[in-house]
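> Chain by chain, the residues run as shown.
Protein chains: 2
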Amino acid sequence: MQNQIADLIETLIQDDYSPDAVNKAMSALTPDDVALALESLPLAQRKQAWESIKYANRLDILVEMRGESRQLLLRELDDIEIETLFSDVDAEDLLEIADSLPNRLVDIALNQMDNKQREYYQQGIVYDDDIVGRWINHDLLIASQSIRASEALRLLKKKTPNYTDMVYLVNRTGRWVGCVRFEQLFKAQDHEPVSNLIDEDCSFILANTELTKASELLEHSGLTALPVVDENHVLLGRFHAGLAMETWRLANEAQQMSTAGLNEESDLFAPVKCSAANRGIWLGINLLTAFLASAFINLFEATLQQVVALAVLMPVVASMGGIAGSQTLTLIVRGLALGQITRSNLKSLLSKELKVGGLNGVLWAIIIGIITLWWFNNPMLGVVIALAIILNIVMAALFGVLIPVLLDKLRIDPALSGSVVLTTVTDIAGFVAFLGLGTILLL
Amino acid sequence: MQNQIADLIETLIQDDYSPDAVNKAMSALTPDDVALALESLPLAQRKQAWESIKYANRLDILVEMRGESRQLLLRELDDIEIETLFSDVDAEDLLEIADSLPNRLVDIALNQMDNKQREYYQQGIVYDDDIVGRWINHDLLIASQSIRASEALRLLKKKTPNYTDMVYLVNRTGRWVGCVRFEQLFKAQDHEPVSNLIDEDCSFILANTELTKASELLEHSGLTALPVVDENHVLLGRFHAGLAMETWRLANEAQQMSTAGLNEESDLFAPVKCSAANRGIWLGINLLTAFLASAFINLFEATLQQVVALAVLMPVVASMGGIAGSQTLTLIVRGLALGQITRSNLKSLLSKELKVGGLNGVLWAIIIGIITLWWFNNPMLGVVIALAIILNIVMAALFGVLIPVLLDKLRIDPALSGSVVLTTVTDIAGFVAFLGLGTILLL
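Chains Z and E, in that order, give the protein sequences. If you read the first sequence in the working numbering, its first letter stands for residue 1, the second for the next number, and so on. If you read the second sequence in the working numbering, its first letter stands for residue 1, the second for the next number, and so on.
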């Protein structure tokens, strides 16, 4: 499959291919494969490739594209094509692409939609795109709690949507009352009331739950899908394993991209100006912290002038602290995400991290001190760097615990901002310890 | 639920709780919740808590624990308890914990196992733990391809395992020949041969497929489970949505931990020596790259002595290059993982990244140049740092593309090693550019 996609990319990047051959290659692939291939093309070739796609397939492919890629493509299309594209869009697809569309185009799509779909859209759009409520699946088996097993079985025989192994029961006001497994229906007597067959393991998900949280609940339940309800327990739809798998796959991609301050919707071939602007924010934040560190180094200008070796070795002290701190930080951030860190174990945790920091600090201080002594032939410089390393690694452990816990208390995501704050602290602590000790002991 | 876990942790961390109250609190939670609570305790309290757990529940909890936590606990248990624990372990559980056990204990467990389970274990253990073959689920509906719909329906009525909406058909030699959806069985005439009802969308997964790849295939298929076969297409079992959700959840955790060079099996309260040793490797690698950078700075000792401001500003140049490079690197690593980068679009990609780097380089060079001029009141120093920033950001873009592509060609995972290699390059390039230009223009 991956080879077929690569072949398609190779073809589309040439200028002289026959649309027929391309369409044939595309028809062997799913819309998300084709979307991936389009995203791999420079913008000019992408537009050309788009035009060789059959009209009937275009909407599905557009829906599967990443946010920025979709926006770039939509910008190139005229209103007539967009109107045609959206002539039979459903709520789920429109919710997926709504953020890439100007309101005017959303209205065009809504006007062409049937009432049911429009209602689903309006229910979903009030939720952010990391919330279950936005992505509710409406293709499910619902039955009144007052029917009998034989009637429920008849329901199954009409149609069974993907990811379905249960029937959801509601009362007269539409509230969810329980789920019945297919297995129970198969085994039951025909006249058995379905309300006797309710599965105890099946619970509900509130519509305002986060997607990753909902995915954990679903995995926990061992079921293929769980009902989604509003705050009054009215059944809105369901959250199924396909959505959970997609949630995790995208969360994985988002996490990877966020380590470099990038958005997971970024396009590989976004126009130079857009890319430069998107990346600029992260560079700007970094510049502030770097200048802050420089300001602290500047305090020791006179010392540096007399002992240039200090300038040579500065990166060693700062980077060892940065690495040690990020190790502690990462462990704590995971602990916070898993709910493992409570008021009462925090003290033990801090004491353990300080001990690890102390041990590693002393160990690496000795190694670095000896290397420095040998390199610069200056025993006191070895002592200075060794002491600075111990101080900085212990400080890194301390702040590696405190910073994420504090950010979490302030309801700031420590996974995103923790490492910037921590590196600033360890850089400054490292430079001040090293140059300060140098000033005292070497001058 | 998260609150119940936190409450349990709070209780267990005290020294004076009644085992009965704890057991009651635990029985409201699933084994993985209890495992999480145990992992949140310092080691002494953890051992005590373990002893207050009912024997019948201990194995399930042990299986759910993270690798290092499990190993630490097992080390505390005597052989008699371990033998009792393993008296009815199944293949799946033993495969999960085998890596934390000495061979002697694995043999004890295997001796007590029934033949079928032992065979499953031996089939699974030959695969690494990121490969589908190790985690095959054996609880599935299999039928001969020669039966009729009514017979297949009878199979359903006996039992339907979780995550099941299909019956897998095999021929006489045990080879997989196709899948039939429940829906098709419901709709079919009683005497219809099942082989007429085979679903075209259902394909198979080879046992040696990577877990994340298999999870993608499953999500792609829209099905709840896919059959797993060996190289001769003999049906071994299946890979279901529960396994796929778990795969992604753990991959997410592993990715987060790996950014700090940590293993996802790490214990929050591992003994100080173990933690220090585990983290030491990453610190050691970092130390080598830091000393390498120092060696390059050392080339410009004379320059630094005369212009101390260069030492003060060094971190700014290095860190801007590091950030810009990691942005390019991250985009390319994602592209490689998705299969978006081919021979033919690499040139366009490189040219686009160089343009982005050029634009951001010039932009930030101007800003940093002006700040430097204002700070040190030295126009030529402003010019030196501006030129160094442009050079370093452009170099970062170049190597941000080339390093991951090269590592990928060498079959080294660029997600793990790319950023260490790149940061070393941008640090050195930054220092050499800045100090080199300083030597030429300022002395």
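Watch out, some of these pointers could steer you wrong.
For chains that are exact copies, the list does not tell them apart, and a pair is met inside one copy or across any two.
[Unchecked claim] 16 angstroms max Cα-Cα, derived EDC-like pairs, lysine to aspartate or glutamate:
1) K159 <-> E264
2) K213 <-> D33
3) K347 <-> E10
4) K157 <-> E183
5) K157 <-> D99
6) K157 <-> D190
7) K116 <-> D88
8) K159 <-> E76
9) K116 <-> D93
Hints were generated in silico from the structure; no laboratory data involved.
> State for each hint whether it applies.
Tested hints:
In this assembly of identical chains, the alpha carbons of K159 and E264 never lie at most 16 angstroms apart, being 36 angstroms within a copy and 42 angstroms across copies at closest. For the identical chains of this complex, K213 and D33 are inter-copy neighbours only, at 14 angstroms across copies versus 28 angstroms inside a copy, given an alpha-carbon limit of 16 angstroms. In this assembly of identical chains, K347 and E10 lie within 16 angstroms of each other by CA distance solely across copies; the values are 13 angstroms between and 57 angstroms within a copy. In the homo-oligomer, the alpha carbons of K157 and E183 lie at most 16 angstroms apart both inside one protomer (14 angstroms) and across protomers (7 angstroms), since each shortest distance falls under that limit.
Neither within a single protomer nor between protomers do K157 and D99 lie at most 16 angstroms apart by alpha-carbon distance, with minima of 38 angstroms and 46 angstroms respectively. For the homomeric pair K157 and D190, the shortest alpha-carbon distances inside one copy (15 angstroms) and between copies (14 angstroms) are both at most 16 angstroms. Proximity of K116 and D88 under a CA criterion of 16 angstroms is satisfied intra-copy only: 13 angstroms inside one chain copy versus 53 angstroms between copies. Taking CA atoms no more than 16 angstroms apart as the test, K159 paired with E76 passes in neither setting, with 40 angstroms inside one copy and 54 angstroms between copies.
Proximity of K116 to D93 under the C-alpha cut-off of 16 angstroms is restricted to the intra-copy arrangement: shortest distance 14 angstroms within a copy versus 47 angstroms between copies.
Of the numbered hints stated above, those contradicted by the structure are hints 1, 5, 8, listed in ascending order.
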